[in-house]
Amino acid sequence: MHRYWKAALALAAAASLIAATACGDDENDTSGDATAAPTTAASASPTAAAGTTYPATVTDMLGRSVEIPAEPVSIAAISPTAVEFVYAVGETSKTRTKSVSFPAEAMSAKDIGSAYQPSLELIAGEAPDLIVADSVLQPQLKNDLEALNVPVLYVGASAFGDVPRSFRIIGEALNTPKGEEMATALEDQAADIEAKIPATKSKVLIVNGTPDDFFAALPESYVGDLARLAGADNLAAGQPSNAPFPGYTKLSLETIVASAPEVVLAITAAPGQTISEGLAANPAWADVPAVKNQRIHEIDAQIFLQAPGPRAAEGLLTLAKLLYPEVFGQ
Amino acid sequence: MIAPAAAPRTTPTRPRIARDVMAWGVPVALLVAAVLLALMFGATSLSPARVVDGLLDRGTPLDRTIVYEIRLPRVLLALAVGASLAASGTLLQGVTRNPLADPHVLGLTAAGALGVSIAIKISADIPQPVLAPVAAMGAFSGAALVYGMSWRGGVSPVRLALSGVAVAALFTSGITTLLVTSNLSTQNALAWLAGGLFGRGWDDLHVTWPYVAGGLLAAVLLSRSMNILALGDEPARSLGLSVERTRVLAVATAALLAGASVSAAGMVAFVGLVIPHAGRFLVGDDHRKLIPLSAILGAALVIYADLFARVVVAPTEIPLGIVTAAVGAPFLLYLVRSKT
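Each protein sequence line maps, in turn, to chains V and A.
When the letters of the first sequence are read in order and numbered with our numbering, they come out as residues 1 to 330.
When the letters of the second sequence are read in order and numbered with our numbering, they come out as residues 331 to 670.
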């Protein structure tokens with residue numbers, strides 16, 4: 001009885017959300033793409049489907065075959081990326097992690113703690129029929145989650161190419177055409193940007209940390225991959241991945257100054273002074289072209305670091321505009 | 331030693347019964363209450379009736395999942411870890427005749443944890459069944475190193491304790507080195523070494539319990555020899571005890587128990603140090619009583635500590651090792667001030 005009530009509520013919430021996003025301001029929906037109009041109209045109805053027949057077997061981002069017996073109506077997403085993926089295809093999650101602040105609708109979902117150690121009891125307590133976990137942050141939770149006897153689907157992104165894959169996986173699992181739509185729109189957008197990148201690329205340095213202690217993102221990191229697609233000539237390329245997190249490197253100040261970055265993209269990980277403020281005030285950086293031309297930019301930590309994936313379209317466009325404002329606008 | 335001095339000699343049974351109820355009944359009641367409370371409380375609270383229904387699979391599937399799949403294996407692992415550490419500490423305090431000895435202080439847990447860290451550094455997704463023997467082997471080699479370093483034609487309790495402290499510092503610095511030079515995924519994999527039972531389930535219990543059961547059995551079998559050893563090396567020899575063999579077996583058993591607890595819960599400090607003192611307070615120095623009673627008390631302490639770690643900042647958790655240290659550190663200070 002209880003379960004049905006929850007299911008009905010979830011369905012109603014999902015339906016209203018789909019309706020809201022369909023007439024919302026999402027860039028991809030209003031891009032004027034020929035295919036956008038019919039599919040958007042279709043997703044306004046809660047019965048819109050991607051043609052998935054249940055029981056379904058979906059291969060997730062960890063390469064696991066996930067058996068989903070019936071169309072999920074009660075979804076538990078357990079990382080910032082997983083939550084955003086679920087909402088991005090027009091569904092709702094019963095759960096969220098503590099640090100989630102996007103989308104606003106997700107804030108009313110149950111707080112289950114940190115993504116590294118979510119409360120298994122609270123996840124089970126929401127009686128989900130699908131758990132959506134993070135293939136980058138949470139592979140070590142696989143056994144714990146599978147013990148809950150609920151199908152566990154892993155999505156996530158450590159590179160741009162993972163994003164359309166994750167969208168297709170989640171679209172298929174939840175039987176919503178929004179997954180394929182988002183994936184196609186993202187691939188089209190990347191191709192579109194690639195075609196417009198000028199022949200002479202900007203020399204870019206991407207840094208992450210605090211003004212006093214930061215690491216440079218390699219092209220192999222998520223933000224580094226997005227910057228590569230946006231036409232960055234990454235000055236850290238070829239350096240060893242020797243920072244505490246994969247895909248980042250520790251560069252000496254001399255190396256950085258000598259490499260003369262034209263654009264610096266900064267992700268400040270801690271509250272307080274931002275990296276861009278710190279570098280602009282540092283005399284050692286005074287002659288660096290990016291400082292002289294005021295092209296040090298803070299970029300969103302959630303989009304590029306903490307919740308990589310679902311907002312890749314927004315992220316890619318942001319980077320393209322920062323690197324080539326003359327082509328992509330301010 | 332805690333029997334009333336004025337007890338009349340003609341009726342020795344009544345105060346003895348009262349003493350036994352106090353010494354055994356209270357710890358057993360504490361342990362039973364710990365298990366029940368730990369099954370009832372967590373990020374959500376369940377009534378005792380729902381706990382029973384969940385255990386017997388008569389209630390809702392959700393109660394079954396929370397009680398049987400999530401909480402019960404974790405509570406049983408806390409029980410196993412607490413019993414192991416307490417028995418290990420009792421053996422080590424007996425062998426070294428030092429009230430400050432325990433598997434943590436003497437470097438056995440650090441040695442087990444270093445073994446696990448190296449294994450995880452080699453492969454971040456190494457399966458749990460492999461970690462238990464790795465931790466046990468690490469603790470054994472740590473024990474061998476401690477024992478070897480203190481050997482000078484024989485092992486004196488003082489040298490054993492001192493070389494243990496040195497080895498503990500060495501291995502702990504080794505773990506720190508591995509941690510700071512690792513990438514994020516390895517650091518995640520190593521996070522539980524700080525002491526915690528997050529996400530432990532039946533798989534982990536199945537791996538751990540044979541080591542714990544074997545170690546506890548060995549500890550009980552050693553208890554008579556431990557009593558004789560407590561008289562001092564010379565008196566023990568004159569009573570026909572093989573002193574070195576007893577010491578080696580006791581240290582090896584302590585290492586096995588420490589390794590088992592490390593593979594299940596990482597480095598949980600102070601349990602092995604504090605509990606034997608509480609046990610001695612209740613039943614005196616007889617290892618035949620002290621070892622089982624310490625195991626019961628240790629089990630109860632770790633279950634309560636893990637419960638606290640789960641509920642105090644729910645839905646997040648604090649590491650179990652921090653809770654036991656918060657309980658153990660003041661007790662250690664009290665011990666230092668009252669016994670020296």
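Keep in mind that a hint or two might mislead.
[To be verified] DSS-like cross-link-like pairs, simulated, lysine-lysine; straight-line CA separation at most 25 Å: (1) V:Lys250 to A:Lys451; (2) V:Lys292 to V:Lys201; (3) V:Lys201 to V:Lys142; (4) V:Lys142 to A:Lys451; (5) V:Lys110 to V:Lys98; (6) V:Lys321 to V:Lys292.
No wet-lab data here; the hints were simulated from the structure.
Cross-check of the supplied hints:
Among the hinted pairs, V:Lys250 with A:Lys451 is consistent with the structure: their alpha-carbon atoms are about 21 Å apart, no more than 25 Å. Under the criterion of a C-alpha separation no larger than 25 Å, the hint pairing V:Lys292 with V:Lys201 is consistent with the structure, at around 19 Å. For the given pair, V:Lys201 sits about 42 Å from V:Lys142 by alpha-carbon distance, which is inconsistent with the 25 Å threshold. With a C-alpha separation of about 19 Å, the suggested pairing of V:Lys142 with A:Lys451 holds against the 25 Å cut-off.
For the proposed pair V:Lys110 and V:Lys98, the alpha carbon gap of about 9 Å is at most 25 Å, so the pair holds. This hinted pair checks out: V:Lys321 and V:Lys292 have alpha carbons roughly 19 Å apart, not beyond 25 Å.
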